[in-house]
Amino acid sequence: MADEQFMASLRSGAKELEAIAAKATSARRIKDYETAGIIAWQEFAPIASRLQGNVYSKVQEIEAEMAETARSTALAYKSSVEFVSATALISVGLALLLGYAISSSLVWPIQRIGQSFKAIAGGDFTERVAVPNRDELGELARNLNITSQKLGELYETVEVQRDQLRIENARSETLLNNLLPAQVAARLKADPDQEIADHLPSVAILFADIVDFTPRSARMAPEEIVSFLNRMFSAFDELAGAHGLEKIKTIGDSYMVAAGMPDPCEKPAHKVAAMALDMLDAVKALPGNVELRIGLHMGPAVAGVIGRQKPFYDVWGETVNTASRMESHGEPGRVQVTDAIRDQLEGVFRFKAGGVRDIPGVGKLRTWWLEAPLVTGAG
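All residue numbers in the sequence shown are consecutive under our numbering, ending with 379.
Careful: at least some of the hints might be erroneous.
[What the hints assert, rightly or not] Here are the computed lysine-lysine pairs in the DSBU-like style, where the Cα-Cα straight-line distance is at most 30 Å: (1) K364 x K267; (2) K310 x K284; (3) K284 x K189; (4) K364 x K352.
[Stated by the list, open to error] Estimated spans, in silico, between C-beta atoms of each pair: (5) R216 x K249: 47 to 55 Å; (6) G304 x G355: 32 to 40 Å; (7) P264 x E156: 31 to 39 Å; (8) D343 x K284: 27 to 35 Å; (9) P215 x P192: 16 to 24 Å.
Simulated from the structure, these hints should not be mistaken for laboratory data. For every residue, glycine included, the Cβ atom is placed at its ideal position computed from N, Cα and C.
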């Protein structure tokens with residue numbers, strides 16, 4: 001009789017739980033999630049807890065009886081255990097039924113959206129989440145898909161701009177290396193705000209100028225002047241590279257290179273001397289009987305980078321001034337040098353004495369005419 005009353009109590013509790021589950025489901029259908037939650041926790045939970053407590057008490061009661069009668073009949077004990085197990089399973093099953101009904105439609109979409117968030121955070125902007133819900137979770141999934149699409153488009157735009165930036169940086173670096181020596185350009189890139197000023201203990205300077213260029217250019221069209229100078233200076237640039245010289249600048253029809261800068265080098269005087277003679281040979285291939293005046297000198301100097309918008313590497317000092325005077329007070333088709341150059345090249349190149357001359361801006365100097373190397377490959 002007691003068992004029948006207990007089972008009747010369980011059946012009554014199960015019906016109550018079914019009614020509560022129906023109320024919660026109705027609330028969810030009209031998107032009243034707050035009411036559904038209140039029903040689940042305030043109505044369902046107390047009844048489920050009461051039923052589980054009753055089942056637990058019954059289990060303890062039956063186990064006590066079984067312990068007493070187990071000695072007389074194992075079959076009765078087994079039947080009792082099966083009865084208790086079935087009763088417990090019914091109670092637990094009812095409790096899980098409502099929990100699944102309420103949570104199954106929430107947990108799966110949330111897990112799927114979370115997986116998509118993780119994929120997008122890892123850089124997979126092709127990720128899309130398929131959540132059929134028409135509630136807030138469905139709206140969240142749709143917004144996530146739109147965000148993923150926009151991020152993908154933005155990423156593609158950034159990649160294109162990054163490639164363009166790489167190209168522009170490469171162009172800027174090439175231009176900078178054309179304006180400045182590679183070592184100086186590297187220093188400037190490492191610290192753009194630094195002032196580059198170097199003391200050069202021994203640098204050899206070469207100045208060259210076209211004889212009578214002003215009257216020659218007056219008879220030429222602008223395009224012809226540019227073409228002529230470009231052809232000649234391009235040939236000089238190739239010679240400078242071959243001899244390991246640093247081109248400093250061109251001013252009009254004047255051309256200036258140096259050896260021993262920005263870094264010291266061996267035999268700087270040999271390099272500029274060989275360059276000077278090659279330049280005299282190079283202009284013979286140009287039309288119009290082009291002649292050069294060339295001057296050489298060597299000694300200490302100061303070099304540095306001037307300007308921000310269009311920086312250039314220049315060199316100053318008495319050494320530069322003297323080399324310039326050797327050119328401007330020289331003779332067409334000849335290379336005039338100072339004692340400083342001749343002393344370094346004696347026995348390697350042939351010279352002709354120019355005598356002591358009073359050079360404006362410099363004073364009296366013994367000068368020499370560089371004529372030819374004494375040995376093949378000198379310089």
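Need the list of violated hint numbers for this structure, in ascending order.
Hints 2, 3, 5, 7 and 9 are the ones this structure does not satisfy, whereas the remaining hints hold.
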